[in-house]
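Residue numbers (our numbering), protein chains in the order written: chain A, 591 to 986; chain B, 183 to 611; chain C, 8 to 314.
I should point out that these hints are in silico values taken from the structure, not numbers from a laboratory. The structure displayed is predicted, hence computed values, not measured ones. Treat the hints with care, as some may be off.
The calculated label-pair distances, taken between Cβ atoms and stated as ranges, are [claimed, not checked]: (1) B:W351 with C:P43: 22 to 32 Å; (2) C:E305 with B:A221: 46 to 56 Å; (3) C:R307 with B:P302: 51 to 61 Å; (4) C:P43 with A:L948: 21 to 31 Å; (5) A:V938 with B:L500: 30 to 40 Å.
Residues from chain C that face chain B, not an exhaustive set, calculated with beta carbons under 8 Å [as the list claims (entries may be wrong)]: (6) P43; (7) A47; (8) C152.
Think of the CB as a built atom: it goes at the ideal place given N, C-alpha and C, for glycine as much as any other residue.
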Amino acid sequence: MTWSRKPKTTVAAHLKRCGVPRREFLQFCTQLMVAAPFGLAITDKATAEEVAREVGKARRPSVIWLHFQDCTGCTESLLRTSKPDLADLILHVISLDYHETLMAACGHQAEAALSQAVKDNAGKFVLVVEGSIPTKDQGIYMKLAGKPALNVLKDVAAQAGAIIAIGSCASWGGIPSADPNPTGAVGVDDIIKNKPVVNLPGCPPNPYTLLGVVFQFARKGTLPELDELHRPKFAYDRVIHDHCPRRAHFDAGRFTLQYGDEGHRHGWCLYKLGCKGPDTHAGCSTRHFNEIPDVWPIGIGVPCIGCTEKHLAFRVPLFDLVPIHDATPPDTYPPVHTSIGSISAAGVGMVSVIGGALGGAAWAAARRFRSSEDEAAIIEARLENSDKDHPDVEGR
Amino acid sequence: MKHIIVRWQRGVPVYAVPKITPFFVFLCVMGAVSIVLSAYREWAGLGPTTGMNDIYAWGIWKTFNTMVLTGLGSGGFSVGIAAWIFYRRDLHSVMRTAVLTSFVAYFSGLVALGVDVGRPWNFYQVLMPWTWNAHSPLLEVAVCMPLYACVPLFLENTPPLIERWYYTWPRFRPFIMKYLVPAIGSTYPYVIALAYALPMMHQSSLGALMLLGGSRVHVLWQSPFLPLLYVWAAGFLGYACVIGVLMVSCLSWKRPMDMRILGVLARIMSWLILTWSVFRFLDILARGQIGAAFDFDRFSLLFWLETLLLVCPSVYLLWGGNRRIPSRLFLADVLIAVGGMLYRYDPTSFAFTARPGAVYFPSAIEVLIAAGYVCLAIAAFVLAAKYLPILPAPFSGWYDMEHYARVVHPDWKLEIHDLSHQNRPNFAN
Amino acid sequence: MELTRREALRSVISKCVPVATAALSLPAAEAAEMPPQPKAPVGMLYDTTLCIGCKACVVACAEANDLPRDVSLDGLHQAPEDLNAFTKNIIKLYKPHEQSPDSFVKQQCMHCIDPACVAACPFKALWKNDGNGIVAWEPSRCIGCRYCEIACAYHVPKFEWDMINPKIVKCELCQPRLAKGYEPACTSVCPTHAVIFGPREDLLSQAKERIEQAPDKYFENRVYGEHEAGGTQVLYLSHVSFEDIGLPDVGPAAIPARLKWQKRIYKFLALPLLMYAMLASIMKKNWIDHRREMREEEERTGLRPQL
Chain A
591 MTWSRKPKTT
601 VAAHLKRCGV
611 PRREFLQFCT
621 QLMVAAPFGL
631 AITDKATAEE
641 VAREVGKARR
651 PSVIWLHFQD
661 CTGCTESLLR
671 TSKPDLADLI
681 LHVISLDYHE
691 TLMAACGHQA
701 EAALSQAVKD
711 NAGKFVLVVE
721 GSIPTKDQGI
731 YMKLAGKPAL
741 NVLKDVAAQA
751 GAIIAIGSCA
761 SWGGIPSADP
771 NPTGAVGVDD
781 IIKNKPVVNL
791 PGCPPNPYTL
801 LGVVFQFARK
811 GTLPELDELH
821 RPKFAYDRVI
831 HDHCPRRAHF
841 DAGRFTLQYG
851 DEGHRHGWCL
861 YKLGCKGPDT
871 HAGCSTRHFN
881 EIPDVWPIGI
891 GVPCIGCTEK
901 HLAFRVPLFD
911 LVPIHDATPP
921 DTYPPVHTSI
931 GSISAAGVGM
941 VSVIGGALGG
951 AAWAAARRFR
961 SSEDEAAIIE
971 ARLENSDKDH
981 PDVEGR
Chain B
183 MKHIIVRWQR
193 GVPVYAVPKI
203 TPFFVFLCVM
213 GAVSIVLSAY
223 REWAGLGPTT
233 GMNDIYAWGI
243 WKTFNTMVLT
253 GLGSGGFSVG
263 IAAWIFYRRD
273 LHSVMRTAVL
283 TSFVAYFSGL
293 VALGVDVGRP
303 WNFYQVLMPW
313 TWNAHSPLLE
323 VAVCMPLYAC
333 VPLFLENTPP
343 LIERWYYTWP
353 RFRPFIMKYL
363 VPAIGSTYPY
373 VIALAYALPM
383 MHQSSLGALM
393 LLGGSRVHVL
403 WQSPFLPLLY
413 VWAAGFLGYA
423 CVIGVLMVSC
433 LSWKRPMDMR
443 ILGVLARIMS
453 WLILTWSVFR
463 FLDILARGQI
473 GAAFDFDRFS
483 LLFWLETLLL
493 VCPSVYLLWG
503 GNRRIPSRLF
513 LADVLIAVGG
523 MLYRYDPTSF
533 AFTARPGAVY
543 FPSAIEVLIA
553 AGYVCLAIAA
563 FVLAAKYLPI
573 LPAPFSGWYD
583 MEHYARVVHP
593 DWKLEIHDLS
603 HQNRPNFAN
Chain C
8 MELTRREALR
18 SVISKCVPVA
28 TAALSLPAAE
38 AAEMPPQPKA
48 PVGMLYDTTL
58 CIGCKACVVA
68 CAEANDLPRD
78 VSLDGLHQAP
88 EDLNAFTKNI
98 IKLYKPHEQS
108 PDSFVKQQCM
118 HCIDPACVAA
128 CPFKALWKND
138 GNGIVAWEPS
148 RCIGCRYCEI
158 ACAYHVPKFE
168 WDMINPKIVK
178 CELCQPRLAK
188 GYEPACTSVC
198 PTHAVIFGPR
208 EDLLSQAKER
218 IEQAPDKYFE
228 NRVYGEHEAG
238 GTQVLYLSHV
248 SFEDIGLPDV
258 GPAAIPARLK
268 WQKRIYKFLA
278 LPLLMYAMLA
288 SIMKKNWIDH
298 RREMREEEER
308 TGLRPQL
């Protein structure tokens with residue numbers, strides 16, 4: 591691939607110069623919109639044309655892709671995009687300056703390519719990390735050109751403009767971190783603490799999620815809104831269970847109990863087979879895989895394994911049931927007389943305080959009256975008769 | 183000058199006490215808190231600040247501050263009828279206290295009403311008769327109460343103010359003598375008559391409000407005579423409040439009490455209560471609901487609580503010399519006030535079972551605002567009693583104050599009469 | 008001169024009673040007190056035996072009235088539990104326990120012939136259309152006093168407690184749709200025609216026909232709303248008791264009839280003015296006595312008298 595020393599042209603100009611039909615670019619933008627319907631700064635536009643305009647203005651972002659303890663599945667997922675196809679993507683839309691699987695160079699040439707790419711685009715390139723990083727024994731379990739992955743990551747990340755950890759391995763450790771984790775595999779954000787890292791967990795994640803993040807960075811220089819695990823909210827805010835096409839079966843109590851049984855053939859809910867959907871944040875239920883509708887685990891009848899979640903994937907047995915966090919839909923027929931209103935403790939306290947104060951004051955006043963009346967009572971009884979003689983004039 | 187038999191003859195300001203006391207500061211702080219919280223309620227809406235909900239749509243502001251406390255503040259009306267319509271000369275000395283209590287109670291009740299409505303910007307319609315739904319009892323209340331508070335009640339409260347100006351503002355004196363006093367003299371009878379006609383209307387309309395509650399108001403309260411019972415209750419509650427206010431004021435400011443006048447007030451109140459109770463019982467009997475009083479559920483217990491709180495102290499006060507003994511009168515009066523307030527409050531709340539499963543309790547903010555308005559009313563009363571000649575005292579009390587004023591304010595020109603008459607003590611100073 | 012109680016009473020009776028009897032005992036007066044009946048009342052007939060609880064009517068109502076999502080229950084699911092500021096129409100289920108007979112019930116405004124809310128509203132913000140009889144709410148007149156909520160026996164009007172500009176929310180029979188010639192949203196989507204729309208007369212006769220054709224199917228063989236509260240424009244046929252499905256036993260009298268003595272007493276403000284005249288005349292007499300006594304007191308004590 592080319593790493594041009596010229597200032598990067600905009601994506602639109604580049605595509606035009608290379609003769610990529612606009613229709614294909616628009617299709618790519620439509621895919622982006624599907625992948626990231628909201629929450630992505632460049633795709634909150636109404637039409638593909640508008641997105642195209644936005645994306646077109648982006649300068650072809652420089653992307654450096656590092657592989658560590660990976661299976662290359664995330665790259666494979668990227669390869670399965672067809673709008674645009676990979677060639678268009680890496681030649682025209684982004685500037686993929688270093689990618690071990692796809693680059694032509696090898697050996698010393700590859701090493702030089704990496705250092706050159708880092709130097710040329712220092713502070714501006716997007717670093718995509720695939721695969722976990724071993725940390726045990728000074729990180730000798732994965733080396734790149736003789737250098738431990740740990741050091742490579744730290745050096746390259748120091749110069750990066752944005753860091754994206756693609757895949758569960760880079761996000762939190764993935765398969766290599768499964769018990770007993772002999773290599774001390776961890777995710778990127780366990781090592782890089784001083785820069786924001788966008789985690790895109792999944793095994794593999796949807797490639798359009800990656801592209802959405804890259805383009806927002808290229809166009810706006812910002813990263814999308816992230817949740818507390820640094821995952822972009824536009825793709826990871828919902829659990830599978832809340833948008834699963836088989837949810838009605840779950841709600842109605844229709845479950846598959848064994849692979850191949852009647853329920854399985856009818857497409858019933860897979861919860862009892864250990865589906866981790868209720869506890870897994872991902873968008874697979876809407877953005878399927880390989881760009882073929884319904885090609886995603888539950889769609890083809892296999893329960894979700896929770897591949898995005900650190901506490902589930904490669905830890906909890908596949909057939910174990912997960913707890914349901916959000917309430918099941920409420921009993922949807924309310925009773926004829928629904929209860930309403932509440933009694934606040936603060937209100938009760940306030941009323942009791944005031945009532946007590948008033949009662950106490952009344953009692954204290956009565957006591958003071960009593961003490962003053964003793965002398966007056968006797969005298970007044972004696973002098974009552976003088977009332978009738980002098981009704982209105984004071985006695986002096 | 184120690185007087186064993188005290189006769190209240192005229193109002194005298196409370197002198198020789200500090201104007202600002204810790205209690206007064208506390209009242210002002212509570213008042214300020216309620217004003218701030220009211221502003222917050224206007225900004226945030228009724229939902230977040232109160233405990234009201236769609237079934238108990240009226241919280242304590244409309245029901246307690248407006249319905250109950252203005253009943254308590256009916257002293258100007260009920261004592262006034264005895265003092266002016268039935269011309270009880272001896273009650274004239276307490277009239278100023280009674281109308282001032284009414285004034286502060288009504289204004290605080292009206293402010294609470296204003297804070298309670300959810301869309302106050304449309305309230306201007308109260309000035310446009312063509313927008314009125316004349317059959318609605320709430321309209322009658324919304325028109326009649328402010329009218330009463332702003333016109334006759336306000337005018338009834340101006341004489342103490344004018345009197346103070348007369349004594350302390352010599353340059354204003356000619357104007358007072360030439361215009362104000364004759365104006366008062368010619369219009370006062372009509373103003374006072376209005377001041378008794380209007381409360382009869384709106385206090386009964388307050389009762390009529392719950393007529394529309396139908397069977398949701400428990401049978402022991404719901405009656406076609408609810409308006410009459412309410413205005414009657416306002417009558418004796420007014421007496422209870424006036425007696426209580428007089429006694430507490432005299433106690434705290436060390437003024438002598440005239441047990442004879444207080445006894446008269448108590449006797450009138452007790453007879454009002456007893457006849458009211460009989461009427462209420464007859465009404466329940468006539469509607470065939472007397473069985474409900476013996477159900478011993480929470481409603482019948484509430485009913486008996488009210489009745490006992492009202493009837494027992496009344497009988498007690500009519501008995502022998504109990505009225506003349508301050509502590510007994512005070513305790514009986516407090517119980518009567520509580521019982522009367524309970525009666526007026528029940529049909530809107532405790533005896534109002536709107537729907538099974540619905541509950542209401544005021545939120546802390548609601549309670550604070552309600553309490554704060556009451557504190558403002560009390561603070562206004564306290565301040566007025568210290569500056570204006572309101573609280574009753576014997577004639578000697580006036581001369582004592584005059585002497586005190588001369589010593590403390592030598593610059594005041596208190597000489598008012600060229601009549602150097604008999605019986606006027608000569609203060610050689 | 009002190010006015011004795013006897014004299015005062017005599018004065019009252021002599022002046023008031025003849026006037027009162029004359030003004031109030033006319034039978035014509037009673038008839039004139041009834042509010043005008045709507046000319047062509049429309050309404051709905053709801054039959055619990057046909058309702059399947061699909062809640063299409065709830066959804067249609069929310070859509071037609073542009074209501075916000077009612078997630079008041081758990082903040083997530085649109086499952087209204089009751090009529091409220093976001094819900095004008097709701098389906099509830101009466102089923103106290105597993106073995107009991109059960110029934111769905113649709114709750115919304117009953118559009119009474121003589122509505123309590125209209126009689127209660129101080130500024131006519133809730134008003135009844137004298138053509139089709141629909142009870143509607145006018146924001147420019149409402150002061151938010153919520154008296155309508157207290158007055159309505161069916162607990163229909165709801166208040167937007169959490170808004171700074173709160174409205175009263177209730178079913179208004181989709182007046183904009185009616186104006187265009189459509190039916191109300193709920194009746195137009197009901198798959199089993201459990202709730203139907205039409206002129207009240209027709210619905211009433213249809214209901215009675217159903218009762219005739221299936222005796223003892225419907226509770227007490229009668230229609231709720233024919234006479235209740237003076238008649239309502241929304242009628243109910245039920246196979247369980249009306250009380251169970253939340254329709255209270257309000258009796259045949261219209262609820263505003265409870266205010267009839269109030270209306271009579273305040274008619275033309277005659278009695279209040281009479282009362283005022285009486286009080287003023289007594290006061291005038293007492294005032295003269297009072298002035299005289301004040302002069303005497305001033306002479307005696309040298310103090311300017313107080314009022």
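Report task. Return the status of the interface hint for C:C152: holds when the least beta-carbon distance to chain B is below 8 Å, violated otherwise. Result -> holds, 5 Å
Query - CB-CB spacing for A:L948 and C:P43 relative to the 21 to 31 Å hint - result: violated, 51 Å
Query - Interface hint for C:P43, Cβ within 8 Å of any Cβ on chain B - result: violated, 14 Å
Query raised in the report: Is the gap between the beta carbons of C:E305 and B:A221 within 46 to 56 Å?
Result: holds, 49 Å
Query raised in the report: Regarding B:W351 and C:P43, is the given constraint of 22 to 32 Å on their beta-carbon distance met?
Result: Violated: the Cβ-Cβ distance is about 60 Å, outside 22 to 32 Å.
Query raised in the report: Is the distance from the Cβ of A:V938 to the Cβ of B:L500 consistent with 30 to 40 Å?
Result: Taking Cβ atoms as reference, A:V938 and B:L500 lie about 38 Å apart, which means the hint holds.
Report task. Under 8 Å, Cβ to Cβ, is where C:A47 needs to be relative to chain B, so tell me if that hint holds or is violated. Result -> violated, 24 Å
Query raised in the report: Does the Cβ-Cβ separation between C:R307 and B:P302 fall within 51 to 61 Å?
Result: holds, 53 Å
When each numbered hint is compared with the structure, violations occur for hints 1, 4, 6, 7.
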